[in-house]
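Peer 1: Okay, here's what each chain looks like letter by letter:
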Amino acid sequence: MGKIMTRMGDGFPVEMSESEIRSDLDAGTEDAADRGKIAPLSKEELQYLFDLFASPDRFVSVEPGSEIVLSYDGGALKITRAAVNVDRVQSMQIHEKILGADTIELGHVDYSFKAVKPIVGTEQTALEQTLMATHAPLFYGAMPNLALYSQPDGPHPNPSELMPLGKIDAARKSYEMSVEDAVKDIVFVASAMYESGADGINMDTTGAAGDPDFLAGLKAAEILKKKYPDICIELGMAGEFILGLHGELDYHGDRLAGLYPHDQVKMAEQAGFTIFGPVVNIKTSRSIPWNLARAITFIKACCEVAKIPIHANMGMGVGGVPMTPHPPIDVVSRASKAMVEICRLDGL
Amino acid sequence: MGDPLGMAISHAIASGMGGMRAAGDLVARMQMTRGMKIDEAKGYVADKLGIAVSDLTDPVMMTEIREDLEIGSMYPLPGCAKGLEAKIRIAELLGIEINCIRRMKSKGWL
Chain A
0 MGKIMTRMGD GFPVEMSESE IRSDLDAGTE DAADRGKIAP LSKEELQYLF DLFASPDRFV
60 SVEPGSEIVL SYDGGALKIT RAAVNVDRVQ SMQIHEKILG ADTIELGHVD YSFKAVKPIV
120 GTEQTALEQT LMATHAPLFY GAMPNLALYS QPDGPHPNPS ELMPLGKIDA ARKSYEMSVE
180 DAVKDIVFVA SAMYESGADG INMDTTGAAG DPDFLAGLKA AEILKKKYPD ICIELGMAGE
240 FILGLHGELD YHGDRLAGLY PHDQVKMAEQ AGFTIFGPVV NIKTSRSIPW NLARAITFIK
300 ACCEVAKIPI HANMGMGVGG VPMTPHPPID VVSRASKAMV EICRLDGL
Chain B
0 MGDPLGMAIS HAIASGMGGM RAAGDLVARM QMTRGMKIDE AKGYVADKLG IAVSDLTDPV
60 MMTEIREDLE IGSMYPLPGC AKGLEAKIRI AELLGIEINC IRRMKSKGWL
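So the sequence lines, in the order shown, correspond to chains A and B.
Going by numbering that gives the first Met the number 0, the first sequence wraps up at 347, each residue one higher than the last.
Going by numbering that gives the first Met the number 0, the second sequence wraps up at 109, each residue one higher than the last.
Keep in mind that the hints were calculated from the coordinates and are not lab data.
These numbers come from a predicted model, not from an experiment.
Covered stretches of chain A, as calculated for chain B (at least 3 residues, CB under 8 Å):
#1 55-61
#2 89-101
#3 118-132
#4 185-197
#5 301-313
#6 326-336
To list a few chain A residues with every Cβ distance to chain B over 10 Å, as calculated:
#7 Asn157
#8 Leu164
#9 Glu179
#10 Asp180
#11 Ala207
#12 Lys218
#13 Tyr250
#14 Gly257
#15 Tyr259
For glycine and all other residues, C-beta sits at the position ideal for the given N, C-alpha and C.
When you get a sec, could you build the whole thing from the sequences and use the hints?
Peer 2: Following this line, the structure appears as structure tokens:
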């Protein structure tokens, strides 16, 4: 066999030899195993991935019977972002009737709980209208987005300004106050949406502001689950690794900084989340074979310990999908198939 | 992020259940209301529909079933259940609470 056409992590095409593909698959899984202290992929799984990349097919799919459920983040916004002039209710109808969506997700263009709070009534009306016109289960999605709670966007001193000045305690205190405010906003907005009839809440891009952001999500879920025992809450992560921006925060005695997906899911289960959406980031300077082998190694370890359904994040720049707003279908379909079939996922 | 063809459509064709074109929305409801993993959720829905698990993603089989049961269809005929009407039927069929239907009941509208 000659050269194999695949792509780099930024989506650009690249031709690689068989040995280069195999070498990148090995290096990708070893990198994840080393970082996460988890098992690398087996020889059979690496051969499966090699065969997948060696296939000349433009598009591949899972075998019949292996299909999984799809959930979305920012689902209502992706059509309007493409400058197609449709309302959000229409966007939801397009998702369920035209895009083959198993679930649909309404969200505000700012996509942050804090930003939604003052306009929650408008959002509730949009949600109630969507529920009347659609059939698929409807999530309301937003991010904890802890960065909005520090100056100049929020009330608390900015930790990123305090840290370089050596004011570590003040920075940590600011994060802790931000967590308390974010929890109130998440619970307020999620309660309103649930009481308006939402089938689920998607707490997306959680952990974007590190361990305080993740803690806010966990605490909010605990409160919501006590308030509404039947509520479905999906936890979508921001990155593969909980950044220790505070560094000393814990959840029921377990330190949050440094956790990978197979440990994050245990926290999600404790907090009462219904579905967990792990993330593994793309490294744009490495090939997709390297990135996909690495992502599958992390997600497989997560699926093996999870008691709740796992919907792996496979959008732009995560889960073996290149970091480009127009992901090429050759590598997206390979990532989709391999992630589902090796990890035995419940959804994407 | 990612345009709809590159992301939503690619994943839907590569690995999705087909949404209400098949039984994807029903299987999703079992994950969301009961926390079922994928195999259990598929088995539960197939059992309730009286079909094989392999039929859950077949659009021809599922169109017939959805029209017969009035649980929402891609090209709804005049007079058949749509939107909330269809969700009332889905809740009864699957033996689950659907939040917006529960809300209507609590207001005494059903």
